[in-house]
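Line by line, the protein sequences are chains A, B, C and D.
Using numbering that gives the first Met the number 0, read the first sequence as starting at 0 and increasing by one per residue.
Using numbering that gives the first Met the number 0, read the second sequence as starting at 0 and increasing by one per residue.
Using numbering that gives the first Met the number 0, read the third sequence as starting at 0 and increasing by one per residue.
Using numbering that gives the first Met the number 0, read the fourth sequence as starting at 0 and increasing by one per residue.
Some hints could be false.
To be verified - Sample of chain C residues lacking proximity to chain D, with all beta carbon distances greater than 10 angstroms (derived):
| no. | residue |
| --- | --- |
| 1 | 30 |
| 2 | 55 |
| 3 | 57 |
| 4 | 155 |
| 5 | 157 |
| 6 | 172 |
| 7 | 208 |
| 8 | 324 |
| 9 | 325 |
| 10 | 326 |
| 11 | 331 |
| 12 | 335 |
| 13 | 340 |
| 14 | 343 |
| 15 | 348 |
Said to hold, decoys possible - Quick look at which bits of chain C chain B covers, simulated, 3 or more residues with Cβ under 8 angstroms:
| no. | segment |
| --- | --- |
| 16 | 76-87 |
| 17 | 185-194 |
No wet-lab data here; the hints were simulated from the structure.
All values derive from a computational prediction rather than experimental measurement.
No residue lacks a Cβ here, since even glycine has one placed at the ideal position from N, Cα and C.
Number of protein chains: 4
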Amino acid sequence: MADKEERKELLSRPIKQLDLDNTITVLDLVKAFGNTSIQARNLGRCFEIYEDMIADEDRPTIILGLSGPLIAAGLRKVIRDMIHNGIVDVVVSTGAIMYQDFYQGRGFKHYVGSPDMDDRMLRNLLIDRIYDTLVDEEKFEETDRMIAKIVGSLKPGNYSSRQILSLLGESIDDENSILHTAYKHGVPIFAPALNDSSIGIGLTLYYENHKNKERITLDSIKDNHEFLHIVLNSKKTAAILVGGGVPKNWVNDAVVMANYAYQKEIEGHSYAFQITTASPADGGLSGSTLEEAQSWGKIWQKATKATAYVEASVALPLIVGAVLQGGVPTGRKKINFVWTDDSVEVKYV
Amino acid sequence: MADKEERKELLSRPIKQLDLDNTITVLDLVKAFGNTSIQARNLGRCFEIYEDMIADEDRPTIILGLSGPLIAAGLRKVIRDMIHNGIVDVVVSTGAIMYQDFYQGRGFKHYVGSPDMDDRMLRNLLIDRIYDTLVDEEKFEETDRMIAKIVGSLKPGNYSSRQILSLLGESIDDENSILHTAYKHGVPIFAPALNDSSIGIGLTLYYENHKNKERITLDSIKDNHEFLHIVLNSKKTAAILVGGGVPKNWVNDAVVMANYAYQKEIEGHSYAFQITTASPADGGLSGSTLEEAQSWGKIWQKATKATAYVEASVALPLIVGAVLQGGVPTGRKKINFVWTDDSVEVKYV
Amino acid sequence: MADKEERKELLSRPIKQLDLDNTITVLDLVKAFGNTSIQARNLGRCFEIYEDMIADEDRPTIILGLSGPLIAAGLRKVIRDMIHNGIVDVVVSTGAIMYQDFYQGRGFKHYVGSPDMDDRMLRNLLIDRIYDTLVDEEKFEETDRMIAKIVGSLKPGNYSSRQILSLLGESIDDENSILHTAYKHGVPIFAPALNDSSIGIGLTLYYENHKNKERITLDSIKDNHEFLHIVLNSKKTAAILVGGGVPKNWVNDAVVMANYAYQKEIEGHSYAFQITTASPADGGLSGSTLEEAQSWGKIWQKATKATAYVEASVALPLIVGAVLQGGVPTGRKKINFVWTDDSVEVKYV
Amino acid sequence: MADKEERKELLSRPIKQLDLDNTITVLDLVKAFGNTSIQARNLGRCFEIYEDMIADEDRPTIILGLSGPLIAAGLRKVIRDMIHNGIVDVVVSTGAIMYQDFYQGRGFKHYVGSPDMDDRMLRNLLIDRIYDTLVDEEKFEETDRMIAKIVGSLKPGNYSSRQILSLLGESIDDENSILHTAYKHGVPIFAPALNDSSIGIGLTLYYENHKNKERITLDSIKDNHEFLHIVLNSKKTAAILVGGGVPKNWVNDAVVMANYAYQKEIEGHSYAFQITTASPADGGLSGSTLEEAQSWGKIWQKATKATAYVEASVALPLIVGAVLQGGVPTGRKKINFVWTDDSVEVKYV
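Bound-form chain A, shown alone (with noise of 0.2 angstroms):
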C-alpha cells in the first residue's frame, strides 16, 4: 500500500522529450535541457541553480574557480561578460589562464591547429602547443619579461596573487580582457599557485634579477588571508567550479581555515555547480562530488548542487548565454571590497 504510493511518487516526473520546433534561442534550449536526462539534465540544472544565486535576496558572493585551457578554448569574452555583468564577484583561477588573457591583451593570438601535429616540428619552429590550439612562444617569451618588468615597479614588500593580477589588468588597455575588466569593477582574481604559470615565470626572471636586493615576495598564505576574510564576511557564498586543480581546492577550502582560525561555524557554500570532465573513479580531486565536499563541511549540508559531465568549451557558453539572455533581476545588489591591512570589508551597494 505504502509501497504503491511510493511507487506512484517516484513515476510522477515524465522526461519530455526535447523539441528542436520549439527550441530556437541558447535560452530556449538550455531551459529544454532541465526536462531531459543524462548530462543536458545536468546542464539544466547547472543553469537553474546559477538563476537562483543570482536571485536570491541574502545576496551571496559567487565565486568562480577557473581550470583548463580556457582562453585558447575562446572563452575569454565569455568570462568577462560574466565580470562585467555582475553574476560573479570573486574568481579564482590558475594562473595559466590569466596569464593567457594578458597575453591576448597585448595584441597575441591563439591559432588553430590539431592534437595531432608533429611536435617536434613545433618545437623548431618556436610554436607552442595547447591540445588543439597554438601560440607563439615568440610572444610567450616578450610576455614573460613584460610581467618582469611591471612587476619591478612594485616597491619592495610581501603580495597576495590578488594585488599582482590587479596590476596586471591595470596595465593593458582591452575592454575584452578578463583581468582588465575585473580590474574596473574590483572583483578580485586570486590565482593561488600563480607561481605554476607563464605568470610565475615572469616574476621568476624578476627574482632571478633581484636575488641580493631588496624584493617583493609572492606571499602565497596572504592569499589565504584575504579570501578568508571574503568568505567569512560575506553573507553566503556560492561556488562556480570550472574544472579542477587548484581554484577547486582552493574555493572549498576557505570556509575550513575561517572555521579553524575564528572559531567560526560557517556554512559552506550555499550554492555550488560545477563543470568538470573528470570522474570520480581516480578518487582525485579534481573529479571528486559536491558530496565528498559536503562531509568537509566545505559545502553546506543543504546546499542546492549540481554537477555537469560536459567539457567547459560547450557547457560554459550554453549556461551563460541562457543567463544572459534570461536577464539579472534589475535592482541586485552589487558587492564592493574594502580592502584593509587586517581584512577586507564586504560592502552591497
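Place chains B, C and D on chain A using the hints.
Positioned in the frame of chain A, the structure of chains B, C and D alone reads:
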C-alpha cells in the same frame, strides 16, 4: 627561410573568442563553436560536415548509428526529426533504443530519477533505472508480451531486424515515434543485435512458445546481406555515429563485407562524424578513432571527418538543431529503397 | 552517544599501506590491494569475489562476458587458462574476440604498432590497426573466406552462435586457443551479435553464395533460448564482466527472459564483478553500475559485487593470476551441459 | 616493392600472449606486460624507462611529480621506498599528499569507507571522505594546529615550501614517512601550491596570529628559484609524473624558466613517464600528452617517454615493485644537493 613561411602559415588562423552578444540562436552558437577550440570546435566541425553531407550533389546515403540511452535522454523527437526532414536515410541502432521508442509509442513514459537512488528499493517497487531516469517495469513486461504477439502475426520464415522493426513501426500510431516515422518514410532501421534487447525478449517469448512448431527466425546474417547491398548500391555513403558498440562497428564493417563478397573496391564512407564519450585509451571499438577505421578501409582515406567528445544528450540537439535552423537545401533528392529478394535498389527521386 | 559509537564503528578498519618488501608474487600484490583504496582496493575486491564464486558449495554457473581488444591485448592464454582450469563455465563474447582467437589459431599474428601511426599509409599496405596493435589484412580476408568454407559444411538449418563457434573451435588444433579449449571442455561460447564481426563477414560470404539455395541461418533468438535455459537450470549464477557492450547486457538480461518466459522468480546473479574503463556519467550500458542492474533484477539484491575501473589488459592478469596462484579448491565439481532440442541439462559432476 | 619491405618491417614484432604459468612475481608480470598491448604495454614501457633512468651513467636527476589521493590509496610506503632506495632525487607534490603523510606520521590513520556513503551524516560525525576512504576531522584540525605551532618556531623571513616541508619531516620520527625519509636523505620535496592544502591551513592559522607582527612568508617564487637551479645544475633530468595538476606542470616548466632566466638552451627532460587517468580530450594540463610538452621544449625532442592510462594505486606498485625486484645497479651515484643563498650545488657522490 622555409621555416619562417611554415611558421607564418601555422600561425595564420586565429581562434575567435566566443561573443555571447552575437550568439542568440542555437545556429549562432554552433557556428561560433567552429572558430573556437577543444570540444566546442569539434562540435562545430561535426555540424559543418553534416551540412556538407546534405549539400553534396552526389547525394550520399546518410547512415545514422545509434547507441546509448537516447530515449531516456530525451532525444526521441530529435532523431524522429532527422528522419522526417530527410537528413538521415538509414538507421542502425541498438535494440534498446528502438524498444524504448516503441514503449513510448504505446503511451508509456520515462521519469526523472537520480543516479544515486536505492536500487534495491526500486527493485521492490518494480521500477527500473537507466542512470538518472526511471521506467515502469510492469509496462516493460506488458510491452515485451505485446511484441511477442505482434511478431506472432508473421508467417514462418527468416526475417531481418529491419523487417521486424518495420512491423513494429507500422503497429503504432505516433507522429513522434522514430519507428513509425521511419516506417512512413521508408527509412530502414536495422538493429543487428536485436536479440540483445527487450525486443529480443519479446522474440524469445515467441520462440519459447513455438519450440516445436514452424516459426520465424531472426536471421541476423540477413541483416548483413541487406545492409551490404545498400552500401554496394549507393553512390556514396556518409556515417553519423552516436555512441559506440555494435551500431558503430557494423556501420563501418559493411564496406569490408561488400568488397569481399563482390570483389569490389568500394571506398569507405566519404564523410563521417562521431559523438562519443569513450576514450581511445582502452583500445576498444567504442572509443576507437575514425583514423583507425581508415586503416581498415571502412572510412575513405580522404574522408571529411570529426569526433566530438561530448555526451549525446547535449551534442546531438546542438548539431541537429543548428542543421535544421540552417535549413535543408530545396530540391535535394530523396532516397527510396526498393527491396527485392536478392538485393535492394537505391533510387534517387 | 549513538553518534560516538557510529563514529567509532566507521573509523575502525584502517587502510594498510602497501609494503613492497612483503609483496613478491602477483597473489601477494592483489591480496595487499584489498587493504588499500581507490581502484587497487576494487581489484582486490574482484579477486576476493572470484574466490568466493569458486568456493561456493552451491556451485554457481560462472559466466564470463568479454568485450574489448582482448586478443590484441595479449589475454588469449589468460582467458584460455580460465576455461582450462574450470573457473569459467560459460563464455559470452563479442564476435571479434573469438575471430581473433581463430585467426591466431590458424597461425597468424598480432604485431606491435602505435596509436599514432599514419592510418592512410597502413591502408595502402593492407595493415589494419587496433589501437597500438597491427594485424595482417590479407590473412584476415583469407580467414574470413575459410570461415565461409567451414560453415558451408553444415547442413541447412537454424544455428545459434554457440553452435557455429563450437564448429570453429573443433576445426583448429591449438592448445592455447580459447575456442579450441572451450570445445574440448564442453564450455559453451556465445556471441549474441556474431553477425557484427569478421566471423559475421565469413557467414555473409556464405550467405551471398546461397541466396536462392537452402542454407543455414544464424538464428540469433536461438542464442537467447539456449542461454536462458542455462540460467533457468543452474542452481545459481555468477557473472564476470570484462568490458561492456552486448556481452555485458546479454549476460544480465537472461534472468529477465527466464522469468518472463516461464513465470519464474529466479534471482539475478548471486555474484558479479566487472572490469571496465567506461564511466557511468554518459548513462550508457557499458558504464552502467551493477547497482543499476539490481533495480532491473538482473543482479540479485543481496549479491556480492565489485567494479574495478582499470583497463582489462592490466586488470585481468592480476585477478586471474592471483586466483590461479591461490589455487582452485580440490574436489570442486565440474559443470556439464547436455544439449537437447528444447533445452539444456546442467549436470554437476 | 618498397611497400613490401615496409609492410614486412611493420609486421615484424609479434605480441606475446601473456602466459600466467611463467608469471609468478610482480617483476615477471610487468616484464611480460611490455610484450602485450594497450595499457599493459604502456605500463611495461614505463618500467623499462624507469630502468633506463636508473642505469644511465650520466646520472640524471630523477624528479617525481605527485598528485592525487596517494596516501589514502596506500602508496605511502611505496613512495617512501623510492626515496629510501635512491631512485628518486627530487619530489614535487601537492600539499595534501605531504599533509596526509604528516598526519599518519603523528599516528593518525586513514580508514576504509565507500564512495556512496551519506556525506551529510559523515559531516555530523566529523568524518571527512576521500572517495572510498575516511579520515578523522578532529585529528585533522589537531594536526593543522600542530603545523601552525611548528612553523612558529621559525625565525621571521621568506621560506620556500621545501624549507617548510623539511622542517615537518624533521619533526616526526617515523621510518615509513615520506617527509621524514626525504629529510634524512636530503631529498628536497617541493609543494609549489602548499598554501592550497591543510598545511596551508596550518600556515594560515599562524598568519592570522601574526598579522601585525614580524612573521614568516611562504615565498612561492623562491620555490621556482630553488627548483630552477636544480634543473640548471643537473647533468640531465628525468621526470616521473603521477597524476596531473600543479606538480606535473611545474616539473615541466622549470626548463623554460631556466632557459629564459639564464639565456641557456637546456634540453627538457631526457626521460619522462606519466601515470594518469585524465584524457587529453578536454585540452587540460592533467591529461596533456608528453608530446605536447615537447612542443614547449619541456621534454626533450629525443626523450624516451611513455604514458600509462592506469589509476596510480594499481600502476605505481606494479612499476616500482618491478624496479625494486629487478634491483638497483650497485655503484650507482647518489646526488647530494648543497644549498647556498643564491643557488644549489648538485654533487654526485
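Checked hints:
1. For residue 30 of chain C, the requirement that its beta carbon stay farther than 10 angstroms from each beta carbon of chain D is met, with the minimum near 12 angstroms.
2. With a least CB separation of 23 angstroms from chain D, residue 55 of chain C remains clear of the 10 angstroms interface cut-off, as annotated.
3. Even its closest Cβ contact with chain D, about 27 angstroms, leaves residue 57 of chain C beyond 10 angstroms, as expected for a residue assigned away from the interface.
4. No Cβ of chain D approaches the Cβ of residue 155 of chain C within 10 angstroms, the least distance being about 37 angstroms, so the stated non-interface status holds.
5. No Cβ of chain D comes within 10 angstroms of the Cβ of residue 157 of chain C; the nearest lies about 35 angstroms off, and the non-interface call holds.
6. Its beta-carbon lying about 17 angstroms from the closest one in chain D, residue 172 of chain C satisfies the requirement of being farther than 10 angstroms from that chain.
7. At the 10 angstroms boundary, the C-beta of residue 208 of chain C stays outside the reach of chain D, the nearest C-beta of that chain being 30 angstroms off.
8. In this structure residue 324 of chain C is not separated from chain D by more than 10 angstroms, as the shortest Cβ-Cβ distance comes to only about 7 angstroms.
9. The claim that residue 325 of chain C is not at the interface with chain D holds, since no C-beta of that chain comes within 10 angstroms of its own (minimum 12 angstroms).
10. Consistency note on residue 326 of chain C: stated as away from chain D, and its beta-carbon is indeed over 10 angstroms from all of that chain's, at 13 angstroms minimum.
11. For residue 331 of chain C, the condition that its CB be more than 10 angstroms from all CB atoms of chain D holds, with the nearest at approximately 19 angstroms.
12. The beta carbon of residue 335 of chain C sits about 25 angstroms from the closest Cβ of chain D, which is more than 10 angstroms, so the claim that it is off the interface holds.
13. With a least CB separation of 38 angstroms from chain D, residue 340 of chain C remains clear of the 10 angstroms interface cut-off, as annotated.
14. The claim that residue 343 of chain C is not at the interface with chain D holds, since no C-beta of that chain comes within 10 angstroms of its own (minimum 30 angstroms).
15. Once the 10 angstroms rule is applied to beta carbons, residue 348 of chain C is consistent with being away from chain D; the minimum gap is 26 angstroms.
16. Interface restraint, the segment 76-87 of chain C with chain B: violated (0 residues with C-beta to C-beta distance below 8 angstroms; minimum three).
17. As drawn, the segment 185-194 of chain C meets chain B at 4 residues by the rule of a beta-carbon pair under 8 angstroms; at three or more, the given contact holds.
In summary, the structure is inconsistent with hints 8, 16 from the numbered list given earlier, while agreeing with the others.
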